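S.K.: Keeping their order, the protein sequence lines are chains F and B. For the first sequence, our numbering begins at 1 and goes up steadily by one. For the second sequence, our numbering begins at 1 and goes up steadily by one.
Don't read these hints as lab results, they were simulated from the structure. Treat the hints with care, since some could be wrong.
Copies of the same chain look alike in the list, so a pair counts if it works inside one copy or between any two.
As the list claims (entries may be wrong) - No more than 20 Å apart at the CA atoms, straight line, and that leaves these computed lysine to aspartate or glutamate pairs for EDC-like: (1) Lys24 to Glu70; (2) Lys24 to Glu279; (3) Lys239 to Glu145; (4) Lys321 to Glu213; (5) Lys19 to Asp190; (6) Lys68 to Asp112; (7) Lys232 to Glu192; (8) Lys214 to Asp315; (9) Lys318 to Glu16; (10) Lys89 to Glu171; (11) Lys214 to Asp124; (12) Lys306 to Asp108; (13) Lys178 to Asp64; (14) Lys214 to Glu279; (15) Lys72 to Glu94; (16) Lys260 to Glu192; (17) Lys89 to Asp54; (18) Lys318 to Asp307; (19) Lys321 to Asp307; (20) Lys24 to Glu322; (21) Lys191 to Glu322; (22) Lys304 to Glu258; (23) Lys140 to Glu174; (24) Lys318 to Glu213; (25) Lys306 to Glu48; (26) Lys156 to Glu279.
Nothing here was measured: the structure is a model prediction, and the numbers come from that model.
Read off the chains here:
Protein chains: 2
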Amino acid sequence: MNILVTSAGRRVKVIEYFKDELSKINGRVITTDCDENAPAIYFADGYEIVPRIDDPDYINIILDICEKYEIKALLSLIDPELELLANNKPIFDERGIELILSHATYIDISFDKYETYEYFSNKDIQSVPTYRDLAQVRSKLQESELSYPLVVKPAKGSASLGLFIVENENELLEAYHKFEGQIIQPFYKDKEFGIDVYIDMLSGELVDMFIKEKIRMRAGETDKSISIHNEKIETLIKKMIQETEFVGPIDVDCFEYEGKYYISEINPRFGGGYPHAYELGCNFMEYIVENLKGNKNKPYEGFKYKDNYVMMKYDHIKLIKE
Amino acid sequence: MNILVTSAGRRVKVIEYFKDELSKINGRVITTDCDENAPAIYFADGYEIVPRIDDPDYINIILDICEKYEIKALLSLIDPELELLANNKPIFDERGIELILSHATYIDISFDKYETYEYFSNKDIQSVPTYRDLAQVRSKLQESELSYPLVVKPAKGSASLGLFIVENENELLEAYHKFEGQIIQPFYKDKEFGIDVYIDMLSGELVDMFIKEKIRMRAGETDKSISIHNEKIETLIKKMIQETEFVGPIDVDCFEYEGKYYISEINPRFGGGYPHAYELGCNFMEYIVENLKGNKNKPYEGFKYKDNYVMMKYDHIKLIKE
Chain F
1 MNILVTSAGR RVKVIEYFKD ELSKINGRVI TTDCDENAPA IYFADGYEIV
51 PRIDDPDYIN IILDICEKYE IKALLSLIDP ELELLANNKP IFDERGIELI
101 LSHATYIDIS FDKYETYEYF SNKDIQSVPT YRDLAQVRSK LQESELSYPL
151 VVKPAKGSAS LGLFIVENEN ELLEAYHKFE GQIIQPFYKD KEFGIDVYID
201 MLSGELVDMF IKEKIRMRAG ETDKSISIHN EKIETLIKKM IQETEFVGPI
251 DVDCFEYEGK YYISEINPRF GGGYPHAYEL GCNFMEYIVE NLKGNKNKPY
301 EGFKYKDNYV MMKYDHIKLI KE
Chain B
1 MNILVTSAGR RVKVIEYFKD ELSKINGRVI TTDCDENAPA IYFADGYEIV
51 PRIDDPDYIN IILDICEKYE IKALLSLIDP ELELLANNKP IFDERGIELI
101 LSHATYIDIS FDKYETYEYF SNKDIQSVPT YRDLAQVRSK LQESELSYPL
151 VVKPAKGSAS LGLFIVENEN ELLEAYHKFE GQIIQPFYKD KEFGIDVYID
201 MLSGELVDMF IKEKIRMRAG ETDKSISIHN EKIETLIKKM IQETEFVGPI
251 DVDCFEYEGK YYISEINPRF GGGYPHAYEL GCNFMEYIVE NLKGNKNKPY
301 EGFKYKDNYV MMKYDHIKLI KE
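Using the sequences and the hints given, assemble the complete structure.
M.R.: Following this line, the structure appears as structure tokens:
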């Protein structure tokens, strides 16, 4: 069984974990990237340099690679490619290639923070209140249902691009009009958590979750986290999985504010902090392989990792001759 | 012979290289950091958690650590500590502990971009023209000796904090008045280079240099570089070393603009990209050990590394129980 990981980039660990898991069954992991200087491709059993995902030939080239390497299933590690793959699912289905990916509906919901909030609040899943209507925010400010500071950011943004923390009406207006499609949220971030979740691709049931608190650093580094057991977050995630149809590996961001927990974002792919989960025994690669073999994984039975383990990231290097 | 590396942070590779080199002579590398989540400390032969460098007891605590571990020499990996160490040199001298560090005069010059420029232009070393007087910039703009875009940034800044690329008078004024001590430079960055240089601590002569071009990436990642041989840069660095008294390992930033080369900055310590140099044979740890043994290193004889090798950084992880 061979798996293709597209847009592998710098995600060396994810590739190594797949390689380890697949080697147990004589399978291989193959990678692609548009950049020959993407370190992760060199850690796979094979790699191909491909055009950028906006190239009209991109999907055909990926299909050719799938044929060449007898690929059983594929997944991508970057957001912009998820929608593209999901929209082309029929073409992959036709050729018997599985996408390790949620349905396009859920990818669309997860990429728009306003839609995420709307969907979740309809299902009574606690998530960070999100507004796109300035008049509504003003009236809530007047009625003291909202207060400064507020967060203004793009509905479809990533990282902190276009994000402003505003302290008054003037700043709010400036930030809101800076870009189109800005949303407004209360600043709900006493603590920040990342939760790695695996949902069975056959049964749709929760299989495993790993909760880590992100440790905020002086210099703005966010690459340290600590494993924790938190039953309130566990309950929130369980409810979310019941009320949605995400499948495979997903990454959930969650804030703690005044003792309550709010989902802030879903990334329907392996999160950047996943190595923390894996190193403490949450082996999603094993669950993927089981699913691809046609077997359901055992449903979730509670935290199976040790808490209070800190993960620190540091730079490793790889040299290649150009 | 034991060496202490302070503020080790995430610089795991530098610690590993010292450990390798010192193990050949039964020496040890010891590390400190104020943060127990600094991954590099765990790769040394021993480590101590210390207060922040602004703690009034900091130097005394470092001296105690030097005594405890029979430290022969020490170096720091972060800028703010260099000045502190250099200013306390007599105290270290008294105890027979060597600082692997340039003289305080040169550290001061290198931390102020205006002073760097002034010093270099007096010595006829080509560096990026730097102004702090707005009237002077305006008159040069009028006489077409300068043109937009211009770079406005703090004289004593690091990374891109407070840096603005300005396209017109309004933007120039706003950026210049945003912070105190802003300097103004032409935008001279067709290509960007980092040069790792070792200057003998005994003879003051150039021992080795490694030139890498920084590869600019789509997503703003600067963690890829390619080794190159460039005789113009080599000549510029040789002249700079002759005209200054930096010693030990330093890191020089240099821009190419319209075929000419300009020094933009000196970091009088191991640069973040040093692993590229080491992995291609420029072993500064060996030079340091030779110097500490009382031996001069062989003077520079030209490029001894292979060109066209790309270094890519990627994340490795370290888990610790809290």
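S.K.: Next, verify each hint and record whether it holds.
M.R.: Now the hints, each set against the structure:
Taking the shortest Cα distances, lysine 24 and glutamate 70 sit within 20 Å of each other inside one copy (17 Å), while across copies they are farther apart (49 Å). In this homomeric assembly, lysine 24 and glutamate 279 come within 20 Å of each other (Cα to Cα) only inside a single copy, at 18 Å, whereas the closest approach across copies is 33 Å. Taking the shortest alpha-carbon separations for lysine 239 and glutamate 145, neither the intra-copy value of 26 Å nor the inter-copy value of 66 Å comes in at or below 20 Å. Taking the shortest Cα distances, lysine 321 and glutamate 213 sit within 20 Å of each other only across copies (14 Å), while inside one copy they are farther apart (39 Å).
In this assembly of identical chains, the alpha carbons of lysine 19 and aspartate 190 never lie at most 20 Å apart, being 38 Å within a copy and 40 Å across copies at closest. Proximity of lysine 68 to aspartate 112 under the C-alpha cut-off of 20 Å is found in neither arrangement, the shortest distances being 36 Å within a copy and 57 Å between copies. Taking CA atoms no more than 20 Å apart as the test, lysine 232 paired with glutamate 192 passes inside one copy only; the shortest distance there is 14 Å, against 50 Å between copies. Both within a single protomer and between protomers do lysine 214 and aspartate 315 lie at most 20 Å apart by alpha-carbon distance, with minima of 19 Å and 16 Å respectively.
For a Cα distance limit of 20 Å, the shortest separation of lysine 318 from glutamate 16 qualifies both inside one copy, at 14 Å, and across copies, at 15 Å. Taking the shortest Cα distances, lysine 89 and glutamate 171 never come within 20 Å of each other, neither inside one copy (43 Å) nor across copies (48 Å). Taking identical chains as interchangeable, the C-alpha atoms of lysine 214 and aspartate 124 are never at most 20 Å apart, the minima being 26 Å within one chain and 50 Å between chains. Taking identical chains as interchangeable, the C-alpha atoms of lysine 306 and aspartate 108 are never at most 20 Å apart, the minima being 34 Å within one chain and 48 Å between chains.
In this assembly of identical chains, lysine 178 and aspartate 64 lie within 20 Å of each other by CA distance neither inside one copy nor across copies; the values are 43 Å within and 54 Å between. In the homo-oligomer, the alpha carbons of lysine 214 and glutamate 279 lie at most 20 Å apart inside one protomer (16 Å), although the nearest pairing across protomers, at 33 Å, exceeds that limit. Taking CA atoms no more than 20 Å apart as the test, lysine 72 paired with glutamate 94 passes inside one copy only; the shortest distance there is 12 Å, against 69 Å between copies. Taking the shortest alpha-carbon separations for lysine 260 and glutamate 192, only the intra-copy value of 12 Å comes in at or below 20 Å, while the best inter-copy value is 48 Å.
Taking the shortest Cα distances, lysine 89 and aspartate 54 sit within 20 Å of each other inside one copy (17 Å), while across copies they are farther apart (57 Å). In this assembly of identical chains, lysine 318 and aspartate 307 lie within 20 Å of each other by CA distance solely across copies; the values are 15 Å between and 32 Å within a copy. Taking the closest pair of Cα atoms, lysine 321 and aspartate 307 come within 20 Å of each other only across two copies (9 Å); inside a single copy the shortest separation is 42 Å, beyond that limit. In this assembly of identical chains, the alpha carbons of lysine 24 and glutamate 322 never lie at most 20 Å apart, being 33 Å within a copy and 33 Å across copies at closest.
Proximity of lysine 191 and glutamate 322 under a CA criterion of 20 Å is satisfied inter-copy only: 18 Å between copies versus 44 Å inside one chain copy. Neither within a single protomer nor between protomers do lysine 304 and glutamate 258 lie at most 20 Å apart by alpha-carbon distance, with minima of 28 Å and 60 Å respectively. With identical chains, the CA atoms of lysine 140 and glutamate 174 are at most 20 Å apart within one copy only, with a shortest distance of 19 Å there and 34 Å across copies. Taking identical chains as interchangeable, the C-alpha atoms of lysine 318 and glutamate 213 lie at most 20 Å apart only when they sit on different chains, with a minimum of 16 Å there against 30 Å within one chain.
Proximity of lysine 306 to glutamate 48 under the C-alpha cut-off of 20 Å is found in neither arrangement, the shortest distances being 38 Å within a copy and 26 Å between copies. Within a single copy, lysine 156 and glutamate 279 get their C-alpha atoms no closer than 31 Å, and across copies no closer than 41 Å, so neither meets the 20 Å cut-off.
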